[in-house]
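J.: So the chains spell out like this:
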Amino acid sequence: MSKVKSSLAKLPLNRYFDVMMLIFLAVFPMFVKEFRVEMMGRYICYAIFALSLDLLWGYTGLLSLGHAVLFGIGGYLIGISYQIQNGVVPAFMQREGITEIPWFYLPLQNPIVAAVLGVLVPALFAALIGYFAFSSKIKGVFFTIITLALAQIFKDFIINVQKYTNGFNGLQSIKRFAINGSAPLSKTTYYYIILGIAVLVFLFCLWLTNNRVGKVCTSVRENEARLGFLGYDAGAFKILIYTISGAIAGLAGVLYAPATSTITTEDIGVTASTMVVIWVAVGGRGNLTGAVFGALLVNWAQSILSEHFSSVWQLIIGVLLLAVIYFIPNGIIGQLVNLQRRFITDKQKNKLSEEPVQAAAVVKATPHN
Amino acid sequence: MSMEELRSGSDILTIRGLTVSFSGFRAISDVDLDVKEGEIHVIIGPNGAGKSTLMDLITGKTKATEGDILFRGQDITGKAPGVIASKYHIGRKFQGPNVFDNMTVYENIEIALGGFTSIRKAFCYRRKAEQKQKIEEVLKQINLYEQADMMASELAHGQRQWLEIGMVIAQSPELIILDEPAAGMTDTETFKTGEMIKELAKEHTLIVIEHDMEFVEQIADYVTVLHQGRKLAEGPFSEVKNNRKVIQVYLKDDMDEEGD
Ligand SMILES: Nc1ncnc2c1ncn2[C@@H]1O[C@H](COP(=O)(O)OP(=O)(O)OP(=O)(O)O)[C@@H](O)[C@H]1O
Ligand SMILES: [Mg+2]
Chain A
40 MSKVKSSLAK LPLNRYFDVM MLIFLAVFPM FVKEFRVEMM GRYICYAIFA LSLDLLWGYT
100 GLLSLGHAVL FGIGGYLIGI SYQIQNGVVP AFMQREGITE IPWFYLPLQN PIVAAVLGVL
160 VPALFAALIG YFAFSSKIKG VFFTIITLAL AQIFKDFIIN VQKYTNGFNG LQSIKRFAIN
220 GSAPLSKTTY YYIILGIAVL VFLFCLWLTN NRVGKVCTSV RENEARLGFL GYDAGAFKIL
280 IYTISGAIAG LAGVLYAPAT STITTEDIGV TASTMVVIWV AVGGRGNLTG AVFGALLVNW
340 AQSILSEHFS SVWQLIIGVL LLAVIYFIPN GIIGQLVNLQ RRFITDKQKN KLSEEPVQAA
400 AVVKATPHN
Chain B
0 MSMEELRSGS DILTIRGLTV SFSGFRAISD VDLDVKEGEI HVIIGPNGAG KSTLMDLITG
60 KTKATEGDIL FRGQDITGKA PGVIASKYHI GRKFQGPNVF DNMTVYENIE IALGGFTSIR
120 KAFCYRRKAE QKQKIEEVLK QINLYEQADM MASELAHGQR QWLEIGMVIA QSPELIILDE
180 PAAGMTDTET FKTGEMIKEL AKEHTLIVIE HDMEFVEQIA DYVTVLHQGR KLAEGPFSEV
240 KNNRKVIQVY LKDDMDEEGD
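Protein chains in written order, with the numbering used here: chain A, 40 to 408; chain B, 0 to 259.
Heads up, some of the hints might be wrong.
[Stated by the list, open to error] Simulated DEER-style distance windows between Cβ atoms:
1) F190(B) <-> S175(A): 42 to 50 Å
2) T183(A) <-> R229(B): 56 to 64 Å
3) I371(A) <-> M212(B): 52 to 60 Å
4) P223(A) <-> D100(B): 48 to 56 Å
[Stated by the list, open to error] Simulated coverage check for chain A against chain B, where a stretch passes if three residues somewhere in it have a Cβ under 8 Å from a Cβ of chain B:
5) 248–255
6) 268–281
[Said to hold, decoys possible] Take a look, some chain A residues computed to stay more than 12 Å from chain B by CB distance:
7) F56
8) P68
9) E77
10) R81
11) L159
12) K202
13) S225
14) V259
15) N262
16) S300
17) I364
18) I383
19) Q387
None of these hints come from the bench; they were simulated from the model. Note that beta-carbon positions come from the ideal geometry of N, C-alpha and C, so glycine has one too.
Same shape as in the complex, but just chain A (with noise of 0.2 Å):
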C-alpha cells in the first residue's frame, strides 16, 4: 500500500503538467477566434516535431541540426498530392514545359497514400542516414555537423528542382485532407485531429523512452562507451532511434502543412532547423513536456510579440531566450523537474541518515543466494 503511495509521490511533476496543457488545448477552440485555432493547430504540428527532436537530442543526446529535413519531406509530400488533384497538372509545371504528371508523383495522387509516405519516407531517409552515421566510429559532433550540411543540402535541392517543386516559391492551397471530392475539413475539426494524433504520439513516446529501448538510448546520452561492454550495440539502437525521430518528423510535416495551407523552403532549411532546437532547449529535454511546452511557448511567445512590436520583436524574442537558455540551461519543464528529485532526493538522505542502523540490518538479514 505504502509503495502506491509513495511511487504516485515519486510521479515527476511534468506528468500532472502533461495533463494540465492537455485540458488547456482541448478547451482552447471554444474561447477564441477561429484563425487563433488554426494558429495553435499549426503550433501543435510543432508540438510533434519537437517531441521527435527531443527523442533524439533530449534521450539519445544526439543533436541534429537538420532536423527540418524530416519534417520537409512530410510536408512536401502531403503538399504535392494537393497540387495534382484529378491529374491536374500544376502551373508551376506547365510553365517548365512538363505536361504530365511525372510517374513518381502519380501515388501521390491519394492525399492519404501521400499522407503514409510522408511518414515512411522521412523515416527511411532518418535510417539511410542513421546507417553510414552510426555504424562507422562518427562521432556525436560529427553527426551533428553530417546533419547540419543535410540541412542546406536538402534545401538547395528543392529549390534547384524547381520544376517539380516550384521552388522558392514553395506550394499552396494544401486542403485540410480533402479527399475524393470532398469538402476540406473545418478548421477546427481540423485542430481536433492534429491535437488527438499529438496526444497519441505523446503517449508513444512515454512508452518507448520507459521501455528498456528507450532505457538503453538514455545510457547512450549518459556513456556510450560503456554500453558496448554491457554487450550492447549502441549503433543499432541509435539507427532505431533516429528512424522513429523520422517518422514522427514526417508525421508533423503531413499534419502541418494542411494546417497552414502552404509549405515553402521556409519550413526545411537550417533555419528551421535551429529553430526547433531552440524550442525544445527553452522547454527543456529529455522529459518530453519540455518539448511541447517550449514550441508552444516559443511559438506563441514570437506571434504576439510580432503583433505588438512589430519592428523589434525578433530582438525581444532573441534576448528572451538568451536568458532562458543562461539562467536555466535546463529548460524551464527541466528545471521543475530537476527541483522536484532534489526535493526527493534531500529527504531521502534524510530519511538514510536517521536510521542507518536498520538500513544495515536490513542488508544483513538479506540471505545471498
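Starting from the structure of chain A, add chain B with the ligands where the hints point.
T.: Using the frame of chain A, we list chain B with the ligands on its own:
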C-alpha cells in the same frame, strides 16, 4: 579447496604471447597468462605497468598486435566488446567509476541485466518478478538497496564503485574483471569490497587489479605481477610478496617517489 587443486583446474582464460604496441611503444609485451576456473586472480604492478591495457585487450577495447586470447579454448582475440560481453559473458568494471550518471541506481543495474541486449529483446523486456528479484538481490549485494531511487551522480565515490560492480554482477558474467575496485575508498569500504569480492568468487571467476597490498592479501588466490608490459612474477601472494625481483620493482618505485 587448496591452492594446488585450484591451479591444477582448467583454464577459463588462456593468454599466449600477447603483445600490443602504440606507435612503437610496447605497452604489453609477450605476456602469457592462465586464469583458472573459480579463482580470484589478482594482477599487481606499478603505475603504467600495462594492467589496464591487458584488460582492454581481453575485453576487446584494444586490438592486440600479436598473440592469442582464449576463453575456455575459444579464440576471442580481436572480437568486438559487445560480443565478448554478451556471447562469452566477460564483464568488466573500469578503473574509476564508469556508470550512467543521470539515471537512477536501479536503472543502472536494470540496463546491465544480461540477456536483453538486442533491439528485439529490449523491446519485449518486461520487469517481471524474476527480474525484480535479481535486481534487488544485486542491490543488496552491493549495499545500495536503500539508494535504489537515487541518481548515480548523487552517490559517494565508493558507492559509485560498488554500483559499477553491481552492473557487472547483473550481467551474469562467468568471468568478472575488476580494475582497481577499491581505489579511493575508506578502509571500511575497502574491507567491505573485499568481502563482496569473496562472496562473488563463490560463483564466478575474477580477475582483480589492485595496488593496496593488504587488500590483495585479503582476496588473492593467485597473483601475477606486471612490470613495463612484461610478466615479472606469478604465484600465491605469500610467494610473490617475498620475490626478490618484485620487492626490487616496488622498492625502486617507492624510491622514485621519494626522489620526486
Ligand atoms: N590507447 C593507448 N595509446 C597509447 N598509449 C597507451 C594507450 N593505452 C595505454 N597506453 C600506455 O600504456 C602504458 C600502460 O598503461 P596502463 O593504463 O595499462 O597502466 P596500468 O598498469 O593500468 O597503470 P595504473 O596503475 O596507473 O592504472 C602507459 O604508459 C600508457 O600511457
Ligand atoms: Mg590501470
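J.: State for each hint whether it applies.
T.: Comparing the hints with the structure gives:
Our hint of 42 to 50 Å for F190(B) and S175(A) holds, since their Cβ atoms are close to 46 Å apart. A hinted range of 56 to 64 Å for the beta carbons of T183(A) and R229(B) is inconsistent with their spacing of about 44 Å. Checking the proposed 52 to 60 Å range against I371(A) and M212(B) shows it holds: the Cβ atoms sit about 54 Å from each other. Separated by about 50 Å at the C-beta atoms, P223(A) and D100(B) satisfy the suggested range of 48 to 56 Å.
For the stretch 248–255 of chain A, the stated coverage by chain B is satisfied: 5 residues place a CB nearer than 8 Å to a CB of that chain, which reaches the threshold of 3. As drawn, the stretch 268–281 of chain A meets chain B at 8 residues by the rule of a beta-carbon pair under 8 Å; at three or more, the given contact holds. The beta carbon of F56(A) is kept farther than 12 Å from every beta carbon of chain B, the shortest such distance being approximately 20 Å. The claim that P68(A) lies off the interface holds: its Cβ sits roughly 37 Å from the closest Cβ of chain B, which is beyond the 12 Å cut-off.
At roughly 38 Å, the least C-beta separation between E77(A) and chain B is larger than 12 Å, which holds for a residue marked as non-interface. With a least CB separation of 33 Å from chain B, R81(A) remains clear of the 12 Å interface cut-off, as annotated. Annotated as non-interface, L159(A) keeps its C-beta farther than 12 Å from every C-beta of chain B; the closest such distance is 19 Å. Consistency note on K202(A): stated as away from chain B, and its beta-carbon is indeed over 12 Å from all of that chain's, at 41 Å minimum.
The beta carbon of S225(A) is kept farther than 12 Å from every beta carbon of chain B, the shortest such distance being approximately 39 Å. The beta carbon of V259(A) is not kept farther than 12 Å from every beta carbon of chain B, the shortest such distance being approximately 10 Å. Separation of N262(A) from chain B is inadequate, the least Cβ-Cβ distance of about 5 Å not exceeding the 12 Å criterion. Distance check on S300(A): its Cβ is at least 39 Å (rounded) from any Cβ of chain B, clearing the 12 Å threshold; non-interface status holds.
The Cβ of I364(A) lies farther than 12 Å from every Cβ of chain B, with a closest approach of about 19 Å, so its non-interface assignment holds. Non-interface status of I383(A) relative to chain B is broken: a Cβ of that chain comes within 12 Å, the nearest being about 8 Å off. Some Cβ of chain B comes within 12 Å of the Cβ of Q387(A); the nearest lies about 7 Å off, and the non-interface call is violated.
In the structure shown, a violation is registered for the earlier hints numbered 2, 14, 15, 18 and 19, in ascending order.
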